[in-house]
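So the sequences go chain by chain: A and B.
Reminder that position 120 of the first sequence reads as 120 in the numbering used here, one-by-one numbering, no gaps.
Reminder that position 73 of the second sequence reads as 73 in the numbering used here, one-by-one numbering, no gaps.
Among the clues, some could well be false.
[Stated by the list, open to error] Covered stretches of chain A (in silico footprint by chain B; criterion: 3 or more residues with CB under 8 Å from a CB of chain B, positions within the stretch not fixed):
id, region
1, 9-15
2, 62-69
3, 75-87
4, 103-112
5, 136-144
[As the list claims (entries may be wrong)] With beta-carbon atoms standing in for the labels, derived distance ranges:
id, chain 1, residue 1, chain 2, residue 2, range
6, B, ILE154, A, TYR113, 18 to 28 Å
7, B, VAL3, A, LEU185, 49 to 59 Å
8, A, PHE148, B, ILE42, 32 to 42 Å
Simulated from the structure, these hints should not be mistaken for lab results.
Where a beta carbon is used, it is the ideal one built from N, C-alpha and C, also for glycine.
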Amino acid sequence: MKNKIDFKFLFEIYITFLKLGSVSFGGGYAIISLMENEIVERKKWIEKDKIIDVFSVAQSLPGAIALNASAFVGYSIAGIPGAIAALLGNLTPSVVIMATLSIVFTRFSENKYVKSAFSGIRPVIVGLITYAAYKIGKTAIKDIYCVFIALLAFILAIVFHISVIGIIIGGVVVGLILYLIKWKLNIGKVEKVIKVDKLNIETTVEKEGER
Amino acid sequence: MSVLIEIFLLFAKISAVSFGGGYVAFSIIEQANRTYNWMPEIELSNVLSLAGMSPGPVAINGAVGVGYKVAGIPGIFAAFLGIALPCAIIVILVATFFFKIYKYPAVKNVLYVLNAVITGVILYAGVSFALTSGILFSGVFKQSGDLIASGWNIIVSQIHLFELKSILLSGVTIFLLIKTKVHPIMIIAGSGIIGVLIF
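So that you can see chain B by itself, here it is in the shape it has in the complex (with noise of 0.2 Å):
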């Protein structure tokens, strides 16, 4: 019963601070993670895949991934429980108080210093992603993750600074995703194809 409060506590702690989208939420969960030790982070940096390809909002589908993977059934329940009322709460106080929050000087100023956070933190997720996952730095860091064994590692005077294959497949990506208009799931597709090619 206790990991169930512990998951309906944290997606609702997460629902309640995540501004700007889903990827927040990615680094908030893996800091819980740390900190509440569910499952060693590769098989987080699975669940946090798998919720990358789902439909729907990442976040949600985070939770209902990580809900599931430390308390099954139930933990799903919990997870959903804890995303859905703090946006629900929110969103009927400003529909019924004050509608076009936005348009406060207020608001305007917060979301202006907010949004340069969220980019920085997005950008840390990215990278806290590639540390969990042994992309870079394998066991470098404390919070690295293990060397991809068949993957091509790049290794200067015994510090790991990064898996080739790993680093070509996340710049082809990007790539993509900034001069084409192919849909991100048909690029993640692609790459589990190519991962059972190359890893």
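So here's chain A without its partners, still in its complex pose (with noise of 0.2 Å):
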């Protein structure tokens, strides 16, 4: 009986995922606020407070965002089943609509004018990219140090040609060396504060005892 409702239940989170999944052009994040309206307002699956913590984990992980937003909601609606469905869900329309783009065009892709469409397409998807690593770098890029890593990784991929995979380890790798060296700095700052504060303490009470 149980097991009935439940997967009428995941069938439910199945659909939504779809049906989102199916309007979102161009991904990631076009799909947080079709997904906040749907999954908040419309179906009160999550409250808002914890969809805002939901796309913020969403962005720190791997992977596409739209795909890991969809993990996390369903997920929180119905644990690892509910993950399940809302990503086969979100995945759906992609892969159907990307496979069934990939046979026509095998088909016609000798065509002159495929051919020529795909040669003002492809500048365009040029553009499209550099606007991501704009976007993206409006917000990453926070003083000269991130510009400098930022030209490094490019400089790495484009001349020395290292693997991508490669140089976002690092990247990871070095962030988390960065966190270290902070953290023992940190500890140095935190003894001087309290030292100070002692002294300051100390000071205090010897004025008072002078009073």
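Hints in hand, dock the two standalone chains.
The following block contains the structure:
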């Protein structure tokens, strides 16, 4: 009996995310406001505060933001089966549409008009990617060190043909090292602050004694 | 079968490291294509263009497109599983054990470096896409694509610099995206028509 109800609910989750997946051209951020509308306002599956947390987490994790967010919301409302239902729902339209386009395109890839259409589309994709770099850069580049890191990553990839996976893992490692260094420095700072505090307290105590 | 495993592993790797969105995946796919020699660069740029214009996350679309091109329908499933599995596992682990992961100071520091790295990598993805499509430096570098025969190619002392029509289209795209609220899909549709007219 319980299983039956669960499956019905899971199916509803699947369909909901299928709808979300099929209208989110350009992926990523586009789906976020749609998801908020559907999941928080209409279905009331999750509170508004929690969905903001979900999106923050989804951005911090590897993988497509839309997928992470879907899996998270699915998990929050129905555990692991919910996560899988949401993930599959979100992926279904992309996979079906992309598979159809690929199959159709392979048929006509030698067609003169299709070829010229793609010559027009390719530069636009270059523009889209450059714009994505600009948009991420606006929030990611916080100071001159970030500019240096970004340039270094770019040069390593394009001049030295270092694998992008290696560069990203390198970035994670450098970030962790940075954290450890800061952490050590901070311990020093905290001790100093305490010492200063003690002195202040001592001096005030002495002053009070003089009175 | 080994091709299917290759595809599965590649997209599992992509899924596990692609912080910051789909275009990072594009650059990894391009590099993998050079390693495995799956298809000519220009065909890959067509597949990735298709991925950019379909709905849904571009990384998933790219995976499905490459999977199909390399190994047909079974390739689609291999790529799909590769992308979905790490995502599901990571999310379930994080949701179960440390939900507010972004609140840990270590994560903040990692993201500080990582987001800058991602910016550089996405820039690389864009330049690399332009290189392999013959928009920039055709025939100059190892990864350069073929000359766009019907384009206005700017060549200085026998070195191809860029193809003017494409550069104009890229420039207009960036301008529209920054200055207006035109939906990318409209720009793509428009550029397809323009492409038929001018190339």
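To see whether the hints hold, each was checked on the structure:
1. Under a criterion of three residues with beta carbons nearer than 8 Å to beta carbons of chain B, the stated coverage of the region 9-15 of chain A fails, only 0 such residues being counted.
2. Here's how the region 62-69 of chain A fares: 7 of its residues keep a CB closer than 8 Å to some CB of chain B, so the rule of at least three is met and the hint holds.
3. For the region 75-87 of chain A, the assignment as covered by chain B holds, since 6 residues bring a beta-carbon within under 8 Å of that chain's beta-carbons and 3 suffice.
4. Check result for the region 103-112 of chain A against chain B: holds, 4 residues qualifying (beta carbon to beta carbon below 8 Å, three or more required).
5. With a threshold of 8 Å between beta carbons, the proposed coverage of the region 136-144 of chain A by chain B holds, since 6 of its residues qualify and at least three are required.
6. Roughly 26 Å separates the CB atoms of ILE154 (chain B) and TYR113 (chain A), a value that falls within the hinted 18 to 28 Å.
7. Between VAL3 (chain B) and LEU185 (chain A) the CB atoms are about 50 Å apart, so this pair conforms to the stated range of 49 to 59 Å.
8. At about 34 Å, the CB distance of PHE148 (chain A) to ILE42 (chain B) agrees with the hint of 32 to 42 Å.
Checked against the numbered hints above, the structure breaks only hint 1 and satisfies the rest.
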